[in-house]
Amino acid sequence: MKILLEPILVSIVAGLFILVIPKRFRKVIEFFSLITSVYLFVAGIKIFFAAPINIGYFYVDGLSRFIVPAIGLFGMLVTLYSMRSMASYKDISSYYAYILWTIGSSILAAISNNIIVLLISWGFLGFTLYALINISGPKAAAVSKKTFIIIGGSDSLMILGFGMMWLLTKSLNLSDMRIDIAAPTAFWSFLLVAAGAFAKAGAMPFHTWIPETAKEAPISVTAFLPASLDKLLGIYLLARLALNVFILNSFTYAILMVIGSVTILAAVMMALIQHDFKKLLGYHAVSQVGYMVLGIGTGNPIGIAGGLFHMLNHAIYKCCLFLSAGNVEYKTKTSELDNLGGLSKIMPITFLTTLIASAAISGVPPFNGFFSKWMIYQGLIEKGKSGGVLWIICLAAAMFGSGLTLASFIKLIHAIFLGQRADGKENSKKDEVSWQMWLPVSILAILCVIFGIFAYQIPLKFFIKPALGSEVLFTGEWHTLKATLLLFAGLATGLIIYFLGNFKSIRMSDPYIGGEPVGKDMRLSGTEFYNTIKEYGLLGVIYKKAEAGFFDIYEQGKALVFGVGGFFQYLHNGVLPTYLVWTLLGMMGLFLFFLK
Amino acid sequence: MKAIDIIPLFVIIPLAAAFLTSLAGRFIRRSSEVIIFIASLALLGFSVYARFLLNSAPGRILVYKIGGWVPPFGICMVIDGLSVFMLVTVNLIAFFVAVYSLSYMNQYTDKPKFFTLFSLMVCGMNGVIVTGDLFNLFVFLEIASIASYALVAFGTEAEELEASFKYAIMGSVASAFIFIGIAFLYSFTSTLNMADMARILAYKQNVWVIPFVGVLFLMGFGLKSALVPFHAWLPDAHPSAPAPISAMLSGILIKTLGVYSLIRIFFNIIGSTHGYLTILMFLGVASMLVAVVLALSQWDLKRLLAYHSISQIGYVVLGIGLGTPLGVLGGLFHLFNHSVFKSLLFLNSGSVDYAAGTRDLKETGGLGKLMPVTAKTNLIASMAIAGIPPFNGFFSKAIIIIACLEKGFTGYAICAVIGSILTLASFMKVQKFVFLGEIKDKLKNIKEVPFAMLFSVVCLAIICVLGGLMLLPSLRFFLDDAVAVILRGTSYAGVVLEAASK
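As they're listed, the protein sequences go chains A and B.
To convert, count from 1 in the first sequence and add 5; that's the working numbering.
To convert, count from 1 in the second sequence and add 42; that's the working numbering.
One thing to keep in mind: the hints can contain errors.
[As the list claims (entries may be wrong)] Straight-line distance between alpha carbons at most 27 Å, and here's what the computed BS3-like set of lysine-lysine pairs gives:
1) B:471 <-> A:95
2) B:471 <-> A:144
3) A:144 <-> B:418
4) A:601 <-> B:246
5) B:486 <-> B:418
Source of the hints: derived by calculation from the structure; they are not laboratory data.
Work out the full structure, taking the sequences as your base and the hints as a guide.
Shown next as structure tokens:
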């Protein structure tokens with residue numbers, strides 16, 4: 006009990022303490038936050054190694070156990086990163102207070118068994134997200150509003166769903182619930198609670214806040230909440246529902262698979278055409294959720310294990326990508342792909358981490374993203390053994406989505422790190438960010454590699470299999486170490502050929518077209534890659550509608566509410582006799598009701 | 043002096059304060075402020091004291107017989123769990139509003155007059171709550187109403203006078219119907235004592251008088267509590283009043299005159315039949331949805347808040363209309379919470395008006411940097427009204443939603459959720475257009491409001507943050523006693539008469 010409550014109380018008290026420290030002691034605030042976040046990480050590890058706990062309000066089993074240290078890790082890295090990246094912000098004390106509270110309530114959400122406690126911590130996370138987005142100033146106001154309406158609104162749906170679950174089981178503890186989804190109430194309660202999980206994780210149709218938040222919020226916040234913690238918690242809750250609480254039927258699994266596939270494809274198609282790298286990464290943060298939902302939607306151990314592993318991997322590489330993007334933005338003060346280029350020599354560490362994380366998200370072996378996607382594919386094939394055609398479509402969508410992901414990251418890497426510099430300067434002096442900023446991304450990039458190469462030995466063995474509680478049977482063969490060695494052997498062979506060959510006799514010269522050197526206006530920035538996709542008949546129409554917000558549940562809801570509101574306003578014309586007439590009509594209605 | 047003798051003080055103190063402020067205020071500068079501060083603090087202290095007094099009272103009820111006459115012959119004052127719950131709510135808000143007014147009302151010319159009307163309003167509300175006599179209730183209701191008509195017009199601009207006129211007309215219509223209802227009941231039972239009336243009604247059967255009177259009361263008190271379709275006066279009246287009075291009107295007046303009287307009469311005197319509960323729930327849900335949709339399209343900050351008062355009263359009435367222990371608990375808890383956060387919101391709107399000179403959402407923006415305390419307290423109140431944990435509004439809304447599900451009203455539960463989402467949306471709008479966003483050029487030099495105003499809003503914000511703790515088992519008695527009174531229904535008669543006969 007103490008081991009669970011202590012980190013949560015510490016985070017609350019530390020947050021309050023930071024608010025009390027005068028703002029001019031900036032260093033003290035930063036240092037104190039860092040210490041607290043390190044403590045929370047250590048506490049998370051302690052919870053991970055503790056014996057399973059089931060004491061009413063709290064429940065720590067294989068599934069919730071590995072989430073906790075992950076939350077602590079991201080919290081610590083982001084706090085370290087913020088020490089430099091948030092240097093230009095004035096209101097630093099509330100920023101760190103909210104970060105610490107976020108870590109604390111995320112841990113609480115992961116370990117809570119009581120649905121009321123879960124709802125409180127879950128809802129509070131939405132609030133801290135809102136507050137953290139607003140740290141970035143006036144221009145974030147519209148985005149934070151939209152984000153919190155979607156997140157907070159889905160939390161209200163969760164209240165309804167949890168209420169139904171309580172009625173069905175007469176219990177407030179998730180561990181006591183075992184609900185057969187056949188009954189309509191059970192089905193709706195699952196969908197309502199899942200809606201909360203989807204909104205947090207960013208699956209369709211509640212995804213529209215993520216790309217916009219990614220664009221406007223401080224990048225450390227995007228890396229922390231939408232990219233890592235919200236994914237961890239949202240998918241954790243979905244997995245908890247699917248594994249322990251509900252007994253799902255094939256129809257529900259099919260819904261999950263369809264949501265997953267549509268999310269993968271639609272979001273990656275939008276990512277292809279983005280001009281702003283933060284928004285591009287934001288759309289990928291949506292697209293990848295599709296894989297996790299798809300994995301859980303297969304309903305077989307390998308698929309669910311793949312979904313959970315992908316969740317963990319995604320948190321790692323997406324956090325890495327956002328923070329690396331933050332490094333680029335910190336140095337160049339822009340997030341427009343058009344204005345970037347040729348940074349690979351100037352920021353080598355950031356280039357390398359971005360490259361690794363991009364390879365991981367695109368599913369390039371031997372990185373971690375490949376392994377979890379491969380598990381999800383196997384889950385789908387396993388599902389196919391029981392017949393039906395849905396699995397083929399989903400498998401095709403997942404693989405195609407993976408290809409498009411790679412395509413859009415080629416665009417990203419090219420536009421930021423390769424190609425010519427936007428300012429036309431030839432100067433390529435190394436100008437890397439300070440250690441507070443490159444250390445976190447390097448740690449995450451190394452994790453991407455380790456989780457890929459030693460997938461069986463570390464993450465699957467310690468995190469995923471205990472979470473599932475059952476043995477994961479692989480139908481396909483993939484020996485990570487051998488494959489990696491082979492890959493490196495191939496690369497080495499290529500290098501040997503390159504060095505042995507007559508590369509010294511190659512003549513280097515500036516690029517030219519038609520005998521003329523390529524000027525600044527002829528620069529190929531990479532932004533235009535895939536732009537033609539917008540011109541293909543039906544796709545073009547869909548893109549136009551999508552950019553106008555036609556598929557946005559928020560915009561549609563807004564239009565509906567204002568339509569109804571307009572009618573009501575027309576009725577409120579401010580004339581006293583009208584109002585008196587309503588009163589009398591209301592009274593007549595009451596008379597009819599009571600005296601009939 | 044016996045402990046029970048504090049009961050009439052709830053009427054005497056504000057009545058005396060009303061006279062003293064207008065008398066002394068004429069001659070001694072600032073004396074009205076001192077009087078009002080002491081009076082409201084004393085009232086708050088006495089209501090908390092009454093709460094603890096009740097814990098040791100037999101049957102958890104205190105009856106004070108005016109002039110020693112035993113009911114039904116004399117008028118009595120009754121304090122039970124529900125009354126004391128309302129007393130604490132009313133006097134808590136009244137105290138903070140009074141403190142706020144000390145600075146805020148400097149903008150207006152005649153402070154003593156304002157405090158006189160303010161005290162009269164408090165006197166009326168306290169009277170409605172403690173009285174055990176139906177006609178007495180009507181008298182106090184009129185005192186509070188008439189004071190509020192005058193207060194709405196306090197600014198004496200054209201708009202305020204028009205709003206006050208509308209409010210007065212509609213309020214008088216409601217009072218008239220309530221009065222007719224009381225007259226019918228009197229002719230039917232030959233008594234005006236509430237407990238005695240309940241006793242007689244319990245065995246006297248009649249086919250039409252009770253439902254007929256029920257409709258009159260539903261309309262009359264429904265208008266006082268601004269339930270749709272009797273709500274139309276509120277969006278004009280509440281924004282026109284000075285901000286502290288808006289806080290009083292939305293925070294407690296509509297609840298005391300409307301909801302409390304409704305509960306007292308329908309649950310404790312007439313008896314809550316299935317029909318009344320159905321209508322209450324229906325009116326609650328209608329108010330909840332219609333008003334929140336209207337609120338979303340408002341651009342005047344106070345008007346937006348006024349529509350939310352209608353909507354939130356809908357939650358309260360829905361919860362109480364369920365008639366189950368959980369529903370009534372949720373409804374009452376929401377009543378308390380709404381008093382706190384809505385008065386806080388109105389006081390904040392007053393601060394914005396005080397500092398920026400406008401409350402048009404299109405003209406404000408970015409005030410969060412210039413008025414940090416107001417912005418933070420407003421954020422807390424917005425989260426509370428939108429039902430975001432861990433603030434107090436979350437708990438009461440969640441209880442109401444779950445209570446709806448428990449009784450099988452899934453449709454109403456869904457409506458409550460939709461209302462909650464739209465409330466959140468509209469307060470996100472307030473946050474965006476008032477406290478976030480870009481600062482407008484002409485508002486660049488505004489300052490945070492004075493200490494007295496900040497003191498009130500900060501205290502109320504702290505209650506919003508910690509309000510959820512009232513559900514802890516050791517603090518539940520405050521709510522539980524009130525719930526018990528409502529669920530006891532018409533057996534209220536026996537309890538009061540027995541306590542009075544001692």
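Hint check results:
1. B:471 <-> A:95: 25 Å, holds
2. B:471 <-> A:144: 14 Å, holds
3. A:144 <-> B:418: 19 Å, holds
4. A:601 <-> B:246: Satisfied, since the Cα-Cα distance of roughly 21 Å is no more than 27 Å.
5. B:486 <-> B:418: Holds, at about 19 Å.
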